[in-house]
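Asks: So the chains spell out like this:
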Amino acid sequence: SAVISQKPSRDICQRGTSLTIQCQVDSQVTMMFWYRQQPGQSLTLIATANQGSEATYESGFVIDKFPISRPNLTFSTLTVSNMSPEDSSIYLCSVAQSQGTKNIQYFGAGTRLSVL
Amino acid sequence: GENVEQHPSTLSVQEGDSAVIKCTYSDSASNYFPWYKQELGKGPQLIIDIRSNVGEKKDQRIAVTLNKTAKHFSLHITETQPEDSAVYFCAVTTNSNSGYALNFGKGTSLLVTP
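Residue numbers (our numbering), protein chains in the order written: chain A, 1 to 116; chain B, 1001 to 1114.
Okay, chain A solo, but in the shape it has when bound:
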């Protein structure tokens, strides 16, 4: 399975500032995703990070708020822009790897963000 490293693991930020989260994978992967997990809640897909093109955002998430970069097949960043306390969440990077006829998703440990 893929080994995914996320940085930072946690941060406390002031409202109005921005934070960039990095996701590094130990092997080349086509599919990378960013999820948000609000406190005590389930995971919600923010966007699919596409290598060489713009990310594909889910309903309710926009590029101006959550810009994503995917410069190569092992790395992606998610920026949380102009933060407010409502952005306090765990942000998770995941990758999909083919195993036979299925694509399995593996997750990083997450970035725990608190916005004051």
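Dumping the calculated BS3-like pairs for lysine-lysine here, alpha-carbon to alpha-carbon at most 25 Å:
id, chain 1, residue 1, chain 2, residue 2
1, A, 7, B, 1037
2, B, 1057, A, 102
3, A, 102, B, 1068
4, B, 1057, B, 1037
Restraint-style ranges between C-beta atoms, simulated for each label pair:
id, chain 1, residue 1, chain 2, residue 2, range
5, B, 1017, A, 14, 41 to 49 Å
6, A, 64, B, 1018, 46 to 54 Å
7, A, 59, B, 1109, 21 to 29 Å
8, B, 1069, A, 82, 43 to 51 Å
9, A, 71, B, 1008, 40 to 48 Å
10, A, 44, B, 1028, 20 to 28 Å
11, B, 1061, A, 24, 32 to 40 Å
12, B, 1069, A, 114, 42 to 50 Å
13, A, 97, B, 1010, 31 to 39 Å
14, A, 86, B, 1109, 21 to 29 Å
15, B, 1072, A, 12, 37 to 45 Å
Since the hints were made in silico from the structure, they are not lab data.
Only a predicted model underlies this, so the values are computations on that prediction, with no experimental measurement involved.
Built from N, CA and C at the ideal position, the CB exists for glycine as well.
Got chain A; can you put chain B on it based on the hints?
Replies: Same frame as chain A, but now just chain B:
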């Protein structure tokens, strides 16, 4: 879009007992059903998965059953141990070239008491 319902939201069992968590989904095109375990402070870990062409899959103390007609699938943990205590999420996807995104249930907080 896909709607995934997961029950119960919390479950407390005694060590050695069995635990069952159930999920239902709405999209009949869904064909891949993974279960994730999330321990405190960690990311979700895949523990078992099943494809739509299989009715049951077992891995040691963990099993998953799928009823495609009724659109529900269940996680079964036998001989539970305190280290099984975690939040468990079911997920659903079509796992096709048109989309690999996972739709998650709301999670079940399992507590196994010694």
